[in-house]
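*Asks:* Which chain is which? The protein sequence lines are A and B, in order.
Numbering of the first sequence is given in our numbering, commencing with residue 525 and proceeding in unit increments.
Numbering of the second sequence is given in our numbering, commencing with residue 5 and proceeding in unit increments.
None of these hints come from the bench; they were simulated from the model.
From a predicted model like this one, the values you see are computed outputs, not experimental measurements.
For each residue, glycine too, the CB sits at the ideal point set by N, CA and C.
Where hints are given, some of them may not hold.
[As the list claims (entries may be wrong)] Far from chain B by the CB rule (all over 12 Å, computed), these chain A residues:
no. : residue
1   : E570
2   : R598
3   : A602
[What the hints assert, rightly or not] With the C-beta cut set under 10 Å, the calculated list includes, among others, these residues of chain A facing chain B:
no. : residue
4   : R542
5   : D551
6   : G558
7   : F565
8   : F569
9   : N573
[Unchecked claim] Calculated cross-link-like contacts (lysine to aspartate or glutamate; reagent style EDC-like; alpha-carbon spacing at most 20 Å):
no. : chain 1 : residue 1 : chain 2 : residue 2
10  : B       : K385      : B       : E292
11  : B       : K71       : A       : E570
12  : B       : K121      : A       : E570
13  : B       : K71       : A       : D527
14  : B       : K71       : A       : D560
15  : A       : K588      : A       : D551
16  : A       : K599      : A       : D527
17  : B       : K385      : B       : E293
18  : B       : K121      : A       : D551
19  : B       : K49       : B       : E124
Listed below are the residues making up each chain.
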Amino acid sequence: MSDPVAEKVIATLASVKRIPADTIQLDTNLQDLGIDSLDVFSMVFELENAFQISIPDDDVRSIKTVNDVVEGIRKLLAAAPTGASPNSAPTPAS
Amino acid sequence: MPPRRVAVTGIGIISPLGSTLQENWDALSHGRSAIGPIQSVDCSKLRFQNGAEVCGFEPAKHFPGGKEDQLDRFAQFSVVAAREALRDSGIELTPALRENCAIICGSAVGGQAAIEKGFEDLWVLGRGRVHPLTIPKTMANAGASHISMDLGLSGPTYTVSTACSSANHAMGQAFRMVRSGDVEMAVTGGSEAFFTIGMLRSWEAMRVVAPDTCRPFSKDRRGMILGEGGAMLILEPFEAARARGAKIYGEICGFGMTSDAHHLTQPTVEGPSRAMRAALRDAGLAPEEIGYINAHGTGTPGNDPVESRAIRAVFGAQADKVGVSSTKSLHGHALGAAGALEAVATLLAIRNGVLPPTANYLGRDPECDLDYIPNEPRVAKVGAALSNSFAFGGLNAVLAFRAIA
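One chain only, chain A, in its complex shape (with noise of 0.2 Å):
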């Protein structure tokens, strides 16, 4: 996969269910992942990091599949003024 936004994206769901990142793709629901509500949490935390950018709340209702994930950051980064970036390492806050 050479899509930057939906390797960050996957890294970040195995990384939270401890999973192999081979076992996610674009089309994979989150619940078959097992990802509850408080695995959202955490997933979309570290999305925020990882791509230094704020995620809605509203967004984060929405989104069901691994593709919603990486469609809404794409927006979000789209939508971003400067700085945020797929490959931004996340750095502290001023």
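For chain A, the structure is supplied; the task is to place chain B on it using the hints.
*Replies:* Same frame as chain A, but now just chain B:
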């Protein structure tokens, strides 16, 4: 319904002495102390470097699939100890029993480690936000709640937080609920895990932690040694336990609690002695029937002489015939879990006829004049025992145990 006898039929324990009951008993019955240099936190700049840590605990083995992230270490100890206690009891959980089982846990500081990490992120690392599970991991009832969810037990469930008396208060409540017929079974004990730099610094500031080791009641004692761990007991009506042919470790037969109404950190003789008397009265035991006291015995200059005088006040001349030891010299002081670790020590002592010693004892302190079972375990047949817990805030909780004849 007349009061029922209450049997302890299952034990689960994770302590610095080991992660199985057998490992714990081996250490207790040989007087082998787990106190050593603290590994999990850099203590090089503290006034103390020694503690009693749980070693080799692997959360992922017990909580796979990332579930470990949802529980602070103290709650992980709670659940693992409760699972083992239930397995050990061999009790068969029916739907009715699941609804009639209480879970009452003690913890002094709950998930302080989780919130300390959150505050470190916020204020030290400048991350501007904390992990979203900080609150559910920090809440002191997390241990009890996770036991309930993990084991599918849906009766009265709560956490008692009375500093170092937490576990004794919790087990005392559970004992009374089973005795009265409020519930048909209880999972009860305590857990604690607070080895973080913030908590250790806070204890350092109180100037009660020894720079060397824990020497309860001994001359040249210099304070307590902090510990961690968790222990859970399964309580059920004695007759029910007998009827199903269960292994019975012993009975909890009395509980006494008092408040000093005096001082946040300075104990009195009266408060603890009234609590011991209340436990004896509740159990219907005379002082001369008690053959062993698992003392609160922190090893601080303040506690030990006062506790010794309190024991003498209750037992009179009999005080010289009672074996008194502090197993905190072996497993450290696990705060809200201390009473649970010590209940296990007391139950096994009266069941196996070996009294665990007070380790690291150097010699007599004129202010501590009882028989502290110094350094060497003692073979003794004991019919009944007390286990003392006295908390900061002046809250005293004493449990009475009886051996199965």
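*Asks:* Run every hint past the structure and note whether it holds.
*Replies:* Hints, one by one, checked against the model:
A beta-carbon of chain B is positioned within 12 Å of the beta-carbon of A:E570; the least distance is around 9 Å. No Cβ of chain B approaches the Cβ of A:R598 within 12 Å, the least distance being about 22 Å, so the stated non-interface status holds. The Cβ of A:A602 sits about 23 Å from the closest Cβ of chain B, beyond the 12 Å cut-off, so the non-interface label holds. Proximity of A:R542 to chain B holds as hinted, the smallest CB-CB distance being about 5 Å (cut-off 10 Å).
This hint is violated: A:D551 has a C-beta 21 Å from the nearest C-beta of chain B, more than the 10 Å allowed. With its C-beta approaching chain B no nearer than about 6 Å, A:G558 sits inside the 10 Å limit, and its interface hint holds. Checking A:F565 against chain B: minimum C-beta separation of about 4 Å stays under 10 Å; hint holds. Nearest Cβ of chain B to the Cβ of A:F569: about 5 Å, under the 10 Å cut. The hint holds.
Because the beta carbon of A:N573 sits about 8 Å from the nearest beta carbon in chain B, less than 10 Å, this interface hint is met. For the given pair, B:K385 sits about 14 Å from B:E292 by alpha-carbon distance, which is consistent with the 20 Å threshold. The hinted pair formed by B:K71 and A:E570 meets the criterion: a straight-line CA distance of about 15 Å does not exceed 20 Å. Between B:K121 and A:E570 the alpha-carbon distance is near 15 Å, which keeps this suggested pair within the 20 Å criterion.
Between B:K71 and A:D527 the alpha-carbon distance is near 29 Å, which puts this suggested pair outside the 20 Å criterion. Distance restraint check for B:K71 and A:D560: the Cα-Cα separation of roughly 10 Å lies within the 20 Å cut-off, and the hinted pair is therefore satisfied. The suggested pairing of A:K588 with A:D551 holds, with an alpha-carbon distance near 9 Å, which does not exceed 20 Å. Our distance criterion of 20 Å between C-alpha atoms is met by A:K599 and A:D527, whose separation comes to about 14 Å.
At roughly 11 Å between alpha-carbon atoms, B:K385 and B:E293 fall within 20 Å of each other, so this suggested pair holds. At most 20 Å may separate the alpha-carbon atoms for a hinted pair to count; B:K121 and A:D551 exceed this at roughly 35 Å. At most 20 Å may separate the alpha-carbon atoms for a hinted pair to count; B:K49 and B:E124 meet this at roughly 19 Å.
In summary, the numbered hints that this structure violates are 1, 5, 13 and 18.
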